[in-house]
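J.: Sequential numbering of the sequence shown, starting at 25, is according to the numbering used here.
No lab work stands behind these hints: they were computed from the structure.
Pair by pair, the computed Cβ-Cβ distance ranges are:
id	residue 1	residue 2	range
1	Leu395	Ala92	45 to 55 Å
2	Ala301	Asn219	32 to 42 Å
3	Asp143	Ser329	22 to 32 Å
4	Ser329	Lys290	51 to 61 Å
5	Asn97	Ala377	29 to 39 Å
6	Asp332	Glu367	51 to 61 Å
7	Glu367	Gly310	23 to 33 Å
8	Arg95	Ser158	46 to 56 Å
9	Ala339	Gly310	21 to 31 Å
10	Ala377	Ala301	28 to 38 Å
11	Asn273	Gly239	47 to 57 Å
Derived lysine-lysine pairs resembling PhoX-like cross-links, with alpha carbons at most 25 Å apart:
id	residue 1	residue 2
12	Lys187	Lys174
13	Lys251	Lys265
14	Lys174	Lys147
15	Lys430	Lys345
16	Lys290	Lys265
17	Lys187	Lys128
18	Lys250	Lys265
19	Lys326	Lys187
20	Lys192	Lys430
In this text the structure is predicted, and so the values were computed from the model without any measurement. Just so it is clear, CB atoms sit at the ideal spot from N, CA and C, and this is done for glycine as well.
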Amino acid sequence: MRDRKTIKFGYRGAAVLTAAAVAAATPMTAWATLASKPEDNFAVPEPPAPDISKDLSPEFAYSEEKWAALRDNVLEYGEIADLVHEYNPTVRSNRSSYNDQKNKDLTDIWQELMDDAMDLWDKADAEYSDDSMSRMSSAMTEYAGNNLAKMADNNYMDADMYKISYDKTEANLTYQAQQLMATYEVSAYSMGNLNANRALAQANYEAAAANQSVGNATQVDVLTAKKSVQDIDVSILSAQKSADNVHRNLCLMLGWAVDGQPEIRKVPEPDLNRIAAMNPEADREGAIASNYDIRSNEIKLKNVSTNDLRAATQAEIDSGKDNVYSNLKSQYNAVLDARDALEAANIKLQLEAVNMNSASAGAAVGNISNLALIQQQTAFTTAQNDVETAKLQLFLAMEQYDWIKKGLTF
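Build the full structure now, drawing on both the sequences and the hints.
T.: This is the structure we're talking about:
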């Protein structure tokens, strides 16, 4: 039997399996998973979404009116951040984990990792026998213990870094939920366009059939028109499935059951005055100071123990600062582009409104056909929905700029 002292203190000389092989050989503790890369911590299976009445925060965390708003069956855009904070499964899990970590320093974390490594070494001893499969299992478990012990020695993640990592995850989830809510609203405008085009395709099909009856269209013309209707029907079904999927994911992210049916209100209108307050140069330092990755790396810089790691971490900080500034400038330009797109959509709508009035007047006195009127109605409906979509895109572009200021990079 192997000498335990050699195993415990000589693990550095043992061969190390890849992380994938270790994970396959034995379940790793939460500390092992978290030990080196906080951004990789969130691929674990999530628990079922909690019932929306099961709050995490104490009653005094919000006013009575605020609690009532969070607990009702209505989803408003301004509630998303608080709903994520209270009810999102990942956030709930992370908050529970942080409660166990917040009072621990690097020494405590090192000791927990080493305790877990010792448990694995004990398990390797128990598994060892003359049987080849048992020897293989024992060797893999021992390697896992060795790897965990190396993590303990190389660990730089303290409670403050975990807190920043969890906060970043919560911010990302809030941003994603905001995107989903807007996507769900866009799906309604897309469905409006599809329905309008379906009505036009149906009118074209009926016109083709009528023309065929008097010899002015062929069977191919009729079948082609009929296929256009069928193709749009397929697109409508696909769009509805996509919208249902967005709705389901949004519910799960914010605490409703998978089959929940909250009343989803409209996303706010974009406030063009926000653009005047945007200035990548002026916002640069504040965005850098808030950035989750930079803040985490600044703590890491104090915790790492080798010159190579310090140099690499400092390089990450410097690159992160450049990335924040680049993000701000790019997103500011995206906001300006979205504003211009909204202006163009409004001009197009004005033109189609004039055409619609003209077509309606012409139809009233019999100067244009019913088909021509439906064509103009379709163009007008599409222009209306395009304006609403452009408003959402501008609003989200402004929101993303503000998220960069608050610490996220994209």
